[in-house]
Amino acid sequence: GSAITISAGGCVVEGFKVTGGGSQEGNFFTGPDAGITVSSDGNTLVNNTASNNNYGIVLWHVSDNTLTNNVAKVNKYDGIYIDFSSNNYIIDNTASDNEVGIKIMRASNYNKITNNTISANKAWGIRQFVPELGPWLPSSSSYLTIANNNVSNNGNGTYLSRSSYKTITANIVCSNKGYGIRLFGSTSNKLRKNELYGNKYNFDVNCFGTSWNQDIDKTNTVNGKPIYYLIGESGITLDESTNAGYVALISCNKITVKNLNLTNNGQGILLVETPNSVLLNNTILNNEDGIHFHVSRDNIITNCNFSNNVHGIYLYNSMSTNITNNDISNCGKGIWAFISSGNTTIHNNNIWNNSEMGIRLGCNYGNSVIGNNVSNNENGIGLYSEHSKISGNTVISNACNGIDICGDAWYNSIVGNTISLNGYGCEKGYGIKLRCYSYNSIYHNNLVNNSNQAYDAKYNTNSWDNSPINGGNYWSDHKCTGNPSNGSQPYNITGDAGAQDHYPFKDIWGWENEI
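Read in our numbering, the sequence shown has 18 at position 22, and its numbers run on one by one without any break.
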């Protein structure tokens, strides 16, 4: 059990040093073991130290308590833990070296957390977290005030999830290893005068539905630069004169974002339900998502530089995006177009040295990948979509597969690409690998000195040539006569499909020669 349990209301608990409180995480009915557990209303805790307990100080199904000038440190789980508790004041406390400094859980409304020093906690400084309890139990914690706190040198800074109407004001959130402030599925919050700097990802918004609606003004800064969180704007330009450090466009239209340096956030630029916009000449570095599109269509990204992002460009349910003349390097995925992000054009980009994949197209329709240089990635192009065209690309020196086709990949055309020197950085890599699905057309490609040239899996019915007249592909490890050859010297494709290029070419680019 807890070392001290306050079950009578209106008490003042002052000057205690409490250690060794409990070993159980507790349950829904009893709450967790702690140094001090408050299970009554209207108490004041002042100048206490709770250290080396299971939890430091717990507020459990209570209201109208005040915690002032307490120290909660080196506890196994949370320094200060608030659950089913409202209208409490957490003021001028120190929470350090815990798993979480201050955690606010279920149905805990109208609490005020102000002027606290929260540092060196392993997971989060402040975490407001709402687990799924089902429709029969209240869960969200709203109308929370978090003000004038110093949240520094934690695993992550401040996490606010699945609740609303919080006021986040004048906090310093710095030097956390992960996120500074992260809003997850949390709507209608007001942020003012927060300083975020030196965090891996200073500011991040990851929401759904109407929860993108926030009241965030330019008094909030990331690395000294203002946050631009625009809602419902149209026909404006954000350029270098704004000195923006983070840009979010929510339900906007016809916005131009150009000549900005956007670094160290969850998203460099976030577009939600924002069409007809142009992102031009931006440098976007060290973010989780360089540019994140959510249900946003008919946008243009051109002449931008992306580097060291987890995803350079991420599209979710965002149709008809034009991605042209960008340099995308040293990311996890260079471009990831995911779920209903069809009719996207990816043209003339330099996509290189990305640790997972240069381009990944998943669950889409009708994309065009044309004239790109895709080199030195783990995998070059991953196609998990249908009715798409991959044409005129140079796919070279990718560690595993040059072009990888899988998933719902029907009726795609792979035409006119140079695919060379792929597959030398993994156990079994290929120039082109078709792992599943059928009716794809692969012809007029140069496959040159790949570790393994091509693979076509069992039950596939893909076509590796385009008639005796138009021919198939050039294979550097195959000798034949004619451009194309006459069908007597087919190239056998590795894999259980038993596929063949019936009319391979003698010469590289042989289809450009006279037949």
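It is worth saying that the hints were derived from the structure and are not from the lab.
Among the hints, erroneous ones may be present.
Stated by the list, open to error - Within a straight-line C-alpha distance of at most 20 Å, the following computed DMTMM-like cross-link-like pairs (lysine to aspartate or glutamate) qualify: (1) K475 with E423; (2) K221 with E236; (3) K196 with E95; (4) K69 with D88; (5) K189 with D211; (6) K424 with E352; (7) K69 with D37; (8) K424 with D503; (9) K214 with E236; (10) K454 with D473; (11) K454 with E508; (12) K424 with D473; (13) K385 with D404; (14) K72 with D60; (15) K173 with E95.
Going through the hints against the structure:
no.: 1; hint: K475 with E423; result: 26 Å, violated
no.: 2; hint: K221 with E236; result: 11 Å, holds
no.: 3; hint: K196 with E95; result: 19 Å, holds
no.: 4; hint: K69 with D88; result: 14 Å, holds
no.: 5; hint: K189 with D211; result: 12 Å, holds
no.: 6; hint: K424 with E352; result: 16 Å, holds
no.: 7; hint: K69 with D37; result: 24 Å, violated
no.: 8; hint: K424 with D503; result: 26 Å, violated
no.: 9; hint: K214 with E236; result: 15 Å, holds
no.: 10; hint: K454 with D473; result: 23 Å, violated
no.: 11; hint: K454 with E508; result: 32 Å, violated
no.: 12; hint: K424 with D473; result: 17 Å, holds
no.: 13; hint: K385 with D404; result: 14 Å, holds
no.: 14; hint: K72 with D60; result: 26 Å, violated
no.: 15; hint: K173 with E95; result: 14 Å, holds
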